[in-house]
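Here is how the chains run, residue by residue.
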Amino acid sequence: MAEPAAALNPGVASGVGSADSSLLFRSRVLLLTGKGGTGKTTLAAATARFAAAQGRKTLLCELDNQRPSLTAIFGKVPTYEPQRVESGAPTGAGSRAAAALSICNIEWMPALDDWLADLVGVGRIVRMIMKNRMISIFLEAAPGARDLMLLHRVVRLAEQFDLVVVDMPASGNAAGMLSVVSTARRLFDSGPIRRCAEEIDAMLRRPDTNLVVVSLPEEMVVNETMETRARIAAEVPGLRQPLVLLNRATPASLTPGEQELLSRLDQADVGSEARELVEAGLWEERLERATAEALTRLRGDAGRSGPSVVVLPVLGRGEGAAKVVGQLTAALARQSRARVDLVGEVVR
Amino acid sequence: MKPPSPLIALANGQRLLVCVGSGGVGKTTTAASIGLWAALSGRRVLVLTIDPARRLANSLGLSEIGNTEVRIPLERLLGDGAAQTKGELWAMMLDPKSTLDDVISKVAKDARTRDAIFQNRIYRSIAGSFSGSQEYMATERLYDVYGSGRYDLIVLDTPPVKNALDFLEAPGRLARFLDRQVMKWFLTSEEDGPFGKRLMLSTSAVVYRLLGHIFGKDFLAELSVFFTLFRDLYDGMRERHEAVSRIFGDAATTFVVVSAPNEPSVDVANFFLQELRSRKLRIGAVVVNQLHRARLLNPDVDALLGRKAREIMPDLAPQMLARLGAAHRRLRELTALEAHWVRHLANEAAGVPMVEIDRQSGEVHDLAGLLSLHDWLFAKGTDV
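Sequence lines, in order, name chains A and B. Quick note: to get the working numbering, add 416 to the position in the first sequence (first position is 1). Quick note: to get the working numbering, add 3 to the position in the second sequence (first position is 1).
Here chain A stands alone, though its shape is the one from the complex (with noise of 0.2 Å):
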C-alpha cells in the first residue's frame, strides 16, 4: 500500500537535514520514551535492530508491560529472560557480522526477587520473603519500589550487552520513573535501597547512557517533548540526552514558486473536483510547514547544548509491525555517518 520511502520524503531519504543517528547504536544503554502514539516502541525496534546489524551484542526490553508490544513486532512474547530473537549470523562475503538480537520484558516480581536473591543470597530465605504478604503488600505499595527494581534488572543486564534498548513508559511516566531514584537517594540514607538506587544514578550518569525522545510533527507532542525533555533534564540531572527521534516527518519539497501556484490556484474558483486536488496538495504543505516548525522549536528548545534532530520519514501506512521497523532500520541506517567495523571499535 505504502510507496518506497524515497518516493514519500525524498529529502529525509537521503539524509539531508538530519542529524547522525549512529550515536544511537554507540550508547550502551539508550531509553526511548515519548508521547503515546509517537511510534516510541517501533523506533526502539528499529533502534536495536539497527544496532545490532552494526555488529553490537543488543537487547530491546519493555519495563513490565501486561500487554507487551514486541509480540506484535517478533511474533514471540518477550519473557522475563531475554530471549534470543534474531541470530546474528554473518550476512555474506566481506560485510560485516550482525550481532545477535534479542528481547524481553522485564517484569517486576522477578525483578525483585532477583534483587532480593542478590541481597540475601539465599534461596529459602528469599522464598520465604516472597511469601511473607505483610511484606509483599508492603513492597508493592512502598513508593517507586517498583520502579527501583525494573531499573536495577537493567543495570544488571547491561553488564551482560554491548547494548541494551529500553522501551520506557510514555513521557510524564519516564520522568516519574526516573524520579524514584532521587527520591529513594533522599528517603534512604543507607542500606540496599540506598545501594540499589546509587547503582541505578551510576548507569544513568555513565557517558554512554543516552535518552531520547520520540516526537511527532505536531503542536503538542512537540510541546510535551520539550516539558519532557525539561523535566526529565530536572531530575536526572546528569542523564544525556542528545538526541530527538522525529518520527513522521515530512521535509519541505515546496519551491517557493510551487507554493504560489497552489496558493493562487487555492484561490482560483476551480470546481468542487479540482478543489479536492488542490486540498490534497494544501493537505502536504501543512504537513511540510509542521515539520518545519518542530524542527525549528525541537532544535531552538537546544539553544544552549541542545539535542540534534534524527528525522525519520512516514513509513509503511497500514502495513504490518515488523515490515515497519525494517522500513525504520533501514532509514536509520541510511542516517548514519559512522559504522561499526568486526571487532565492534566505532569507525568514523
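Treat the hints with caution; some may be incorrect.
[As the list claims (entries may be wrong)] Computed spacing ranges between beta-carbons, pair by pair:
no.	chain 1	residue 1	chain 2	residue 2	range
1	B	Arg241	A	Gln499	36 to 46 Å
2	B	Gly309	A	Arg483	44 to 54 Å
3	B	Ser281	A	Pro672	54 to 64 Å
4	A	Glu497	B	Glu366	25 to 35 Å
5	B	Arg310	A	Pro658	50 to 60 Å
6	A	Arg601	B	Arg212	35 to 45 Å
7	A	Gln482	B	Glu245	24 to 34 Å
8	B	Ser248	A	Asn639	29 to 39 Å
No lab work stands behind these hints: they were computed from the structure. The beta carbon of each residue, even a glycine, is placed where N, CA and C say it ideally should be.
Guided by the hints, dock chain B onto chain A, whose structure is given.
Okay, now just chain B, sitting in the frame of chain A:
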C-alpha cells in the same frame, strides 16, 4: 436517514460526561466543545481538564491557574445575545501537586496533624510522584465540584492513560497503600507505640528485621510516624473513594470514548470500551476525530486543473500537476487506511453510536474553533 447525534441528549440530560481515549486524539478539544454546546443551550457547565494545548488554554483563560474554576466569557462569541443566555461555561485545569495537599487539609483532624504530614519525608515523596497521582487528583477534584451543586453538567477530560482506567483505580491504590492491615501491623495500640508488643511475637520480629535490613531502621521509624498520621485520614479517604465510584456508576454519568482513526488510538479506544463494559459503566458515544477525506477515486488531474494551472504559471504547471496527483494518491491511501480503523472501532463499539469529525485545517485554539466543531459533534450522527 441519519439519527440525531447521541451527544445532544447527553449534553442536555447528564450531570457528568467523562471523555476517555489515548493522548493526541483531541480529547480536550472535544470535551471543551461539548461543554460550550451545553452552556449555549442554557446549562451551567464546568470543563475539568488536565493538559490542554497551550493556545487553547490561553484562549480559555487557563494559562496560569491550577485548581481554580475560571468563567469563560461567552460575550465575544455571542455579542449582545450573551445577556439572554442562562448558560455558563467554566473551566478548571488540574494541578496534581497542590491537590493532595488540599485533600490532606480537608481530612486532617487539625492543623498540627496536617503540618506534621506535610513535613513527613515519606509524604513529601509520594505527594508529587506516586504513580497515578494525576488520575487520583482528577477524581478528588471531581468529588468536590460534583458535590458543590454549582454545575448542571461537568465534562471531565481525563489524562491519557494506556493500560487501564487508572483514574478509576487510583483512589483504590492510595487506599491500598494505607491498607488497614499494613497499618495495624505497624501500629499496635497507642500505648504500645509503634512496633509495640506485637513485634515481640517471633514471626513479626523476623519480618521486621528483614524489612529493617531492606529498608533501613530509620525509614521504618519514619514510616510508622507516617502511618500514625494517616490513621485518622484513612476513613475519610475511603469514603471519598467510594463516593467517586458511585458518581462514575450513576445513571446521570456517561462515558464518551474519543479516538483518532489510527491503529494506536483505536487500540486504546477498544481497550476502554472493553474495560467500561466489564465495569458496567455507561458508554454514550464514540467520537472519531481527525478524519481525512478524499472522495474522488482517480481524478484526471490535467483535465480538472491543467487549464487553470497553465493560465497562472505555464512553466510550473506540469510538475505541479504531477505533484498534486501524487499528493492526492497519498491522501486517498490514508483515507482508505483510516476507514479500515474506523470499521475496526465500529466493530468493537457494537451498537454504541459513533460521531465522526473531519480533521480541521488548523489547530482548534479558540471559542470560535470549538463552536465550529458543533456542526460535527451535534449534527452528524452516523448510521449505527
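Hints and how they fare:
Judged by the Cβ atoms, the range 36 to 46 Å given for Arg241 (chain B) and Gln499 (chain A) holds: they are separated by roughly 43 Å. In this structure the hint that Gly309 (chain B) and Arg483 (chain A) lie 44 to 54 Å apart at CB holds, the actual value being about 51 Å. Distance hint check for Ser281 (chain B) and Pro672 (chain A): the Cβ-Cβ separation is about 56 Å, which falls inside the suggested range of 54 to 64 Å. The beta-carbon spacing between Glu497 (chain A) and Glu366 (chain B), approximately 46 Å, falls outside the hinted interval of 25 to 35 Å.
Between Arg310 (chain B) and Pro658 (chain A) the CB atoms are about 52 Å apart, so this pair conforms to the stated range of 50 to 60 Å. As the Cβ distance of Arg601 (chain A) to Arg212 (chain B) is approximately 24 Å, the hint placing it in 35 to 45 Å is violated. For the hinted restraint 24 to 34 Å between Gln482 (chain A) and Glu245 (chain B), the CB-CB distance of approximately 26 Å keeps it satisfied. Checked against the hint of 29 to 39 Å, the pair Ser248 (chain B) and Asn639 (chain A) passes, with Cβ atoms roughly 33 Å apart.
Checked against the numbered hints given earlier, the structure breaks hints 4 and 6 and satisfies all the rest.
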